[in-house]
Amino acid sequence: MPDPVLQVEDLCVSFTSGGVTADVVRDLSMRLDGGRTLAVVGESGSGKTITGRAIMRLLPRGASARGRIVVAGREMLSADERELRRARGSDVAMVFQDSMSALSPYLDIGAHIAQAVRLHDPSVTRRAARARAVEMLDRVGIPGPADAVRRFPHEFSGGMRQRAVIAMALVNRPALLIADEPTTALDVTVQAQILALLRELQQEYGMAMLLISHDFGVVGSAADDVLVLYAGRQAEYGSLRDIFDHPAHPYTAGLRAATPRLDARLDTGGERTRLRAIPGAPTSLRDAGPGCAFAPRCGLADQVGERCVVEAPLPTVRPTSEGGGLHLAACHLDRLPATQEVAR
Amino acid sequence: MSEPILEMTDVSKRYRTAGGFGRGRKGFLAVDGVSLHVERGEALGLVGESGSGKSTLARMANGLVVPTSGTVRTDGQDVARLGRRGLRRLRRNVAMVFQDPLASLNPLQTVRQTLENVFRAHGETTSTAELVALLESVGLGADYLGRYPHEASGGQLQRVAVARALALKPDLIIADEPTSALDVSVRAQILNLLADLQRDQGISFLHVSHDLAVIRLYSDRVAVMQRGRIVETGPSDEIFRSPQHPCTRALVEATPEAELPA
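Residue numbers (numbering that gives the first Met the number 0), protein chains in the order written: chain U, 0 to 343; chain Z, 0 to 261.
Simulated from the structure, these hints should not be mistaken for lab results.
Do not take every clue at face value.
Just some of the chain Z residues that point at chain U, by a computed CB distance under 7 Å [said to hold, decoys possible]:
| no. | residue |
| --- | --- |
| 1 | Asn116 |
| 2 | Val117 |
| 3 | Ala120 |
| 4 | His121 |
| 5 | Thr125 |
| 6 | Thr127 |
| 7 | Ala151 |
| 8 | Asp175 |
| 9 | Ala180 |
| 10 | Asp182 |
| 11 | Ser184 |
| 12 | Leu216 |
| 13 | Glu258 |
Covered by chain Z, according to a simulated footprint, are these stretches of chain U (three or more residues, beta-carbon under 8 Å) [what the hints assert, rightly or not]:
| no. | stretch |
| --- | --- |
| 14 | 184 to 193 |
| 15 | 278 to 289 |
One side only, chain U facing chain Z, incomplete, derived with CB under 8 Å [stated by the list, open to error]:
| no. | residue |
| --- | --- |
| 16 | Val19 |
| 17 | Ala21 |
| 18 | Val23 |
| 19 | Glu42 |
| 20 | His213 |
| 21 | Gly219 |
| 22 | Ala257 |
| 23 | Leu261 |
| 24 | Thr272 |
Just so it is clear, the structure is predicted and the values come from calculations on it, not from any experiment.
For every residue, glycine included, the Cβ atom is placed at its ideal position computed from N, Cα and C.
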């Protein structure tokens, strides 16, 4: 087996404020190979964004990470600033939801990309870096790249800006791309184009992609494997097929049931169907008790009883469908009932 | 058959743009000759991409946006002919729910104050019992009366916003992306709540959303907007089963499915 591009072992992230330290992410492990996409799915408080930032070592003030993060063979948590600067951009790059805040309003698009090139390799001349920028804009499908390099972020539409940000992130061919809700702010037609572009570039460069998303639709069209987070912990991990067709965690099944689908197979014959909602609201690890964080919202917790409230379940191996690979779920129930009464 | 709760005939809205910057001196035509109606008790879904004019169109229903031309008849009245008092009476009957409850609720007012203000604005008084009943109708307990917006979650706040809309027993609720800012697991709660209000209280809905899957499940009829015009309209199932207009088709095809290929 080749070395994974990303390996995370027992990652914990905690925040300290007013002398109090609290975990927001606990005991997270994952492994991601080149050319594969792992989707990290979660809602508010799940810790999905902070996990992405921990991998980049871009944690906000007051936050600290423990455990082990290896990106392209480099230990990220013990790396010094110089090593980190080298890693960011070359080994791992990031694309955010809001492209406007990822770009400086004072620099033209070309300057952003050229800067990334020269930070990575100072021996590249300005002129050559500028030429790389034009090439890269062309590669991400921006029409008239020679003219586009001179444009400023505000002159681009949201979709074009996101393409420019992708060009900036990928110009040094990182081994890992972390995409944090890369299409959430975009219209669906543009979203589909950006997802297709990311897939295409991933195949071309053989890079690994960590796709952080709240949207099962996006996940379904982009991911190979899925990690579902709830309140800072791993709820379920598995191949896309296992997560979608054989979920083993009540939260995963509940999220699927709460997601509206356009699917023609769901034709209702004029009858109005309702989504099955999960009662209550998502919580964070800080507000969770000693037991399973999902237990207060779980329709199956009663079947298990006391244990859900007092003991946090650890991820255990679950059955996989054909060619499914590793399937883990952190639930005291061995298997979900066939017709899931997931929500109370 | 009774008169539609909302009837728009050939309405247009041109926004003036400053000094010829941006879209030129002629301004920007946000809504271009649209005719549309919402029957009593019906939920009409209005979909389209950003900039298609759907929010502008929705806001013309209660006079928040004044059309450049065309007529808007809400609850049988020509909105353009209503004076200030008339508009105030109209807005009793046509309530709104917005995308971000944290932005649409006053952070310095408790839920009780927010709800009381609605009654006061229309010269009515209310009792605690009435307010509690109102909160219960949206699935919140009496303890919420004393809370400030920052003391509640996004889903709970959107319930408060729905309670505020329901306060004066409207016939029509305009919901502009009412669940777009909410977590997936909570979104379904609010959508089901709105569907219950339509079914149990016969309230009509004009539901604006960019999310086709939401509109499909929670609307009787759908209107698709593109560049200020309605390009396709029809029963929800039909529109999504066999979209006719290229714009609708593009939207349907681009919507990612939380479903593996069969």
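Going down the list of hints, with the structure as the test:
no. : hint       : verdict
1   : Asn116     : violated, 26 Å
2   : Val117     : violated, 25 Å
3   : Ala120     : violated, 30 Å
4   : His121     : violated, 32 Å
5   : Thr125     : violated, 28 Å
6   : Thr127     : violated, 26 Å
7   : Ala151     : violated, 9 Å
8   : Asp175     : violated, 16 Å
9   : Ala180     : violated, 10 Å
10  : Asp182     : holds, 4 Å
11  : Ser184     : holds, 4 Å
12  : Leu216     : holds, 5 Å
13  : Glu258     : holds, 5 Å
14  : 184 to 193 : holds (count 5)
15  : 278 to 289 : holds (count 3)
16  : Val19      : violated, 20 Å
17  : Ala21      : violated, 19 Å
18  : Val23      : violated, 17 Å
19  : Glu42      : holds, 4 Å
20  : His213     : holds, 6 Å
21  : Gly219     : holds, 5 Å
22  : Ala257     : holds, 4 Å
23  : Leu261     : holds, 4 Å
24  : Thr272     : holds, 6 Å
Consistency with the previously given hints fails for numbers 1, 2, 3, 4, 5, 6, 7, 8, 9, 16, 17, 18, ordered from lowest to highest.
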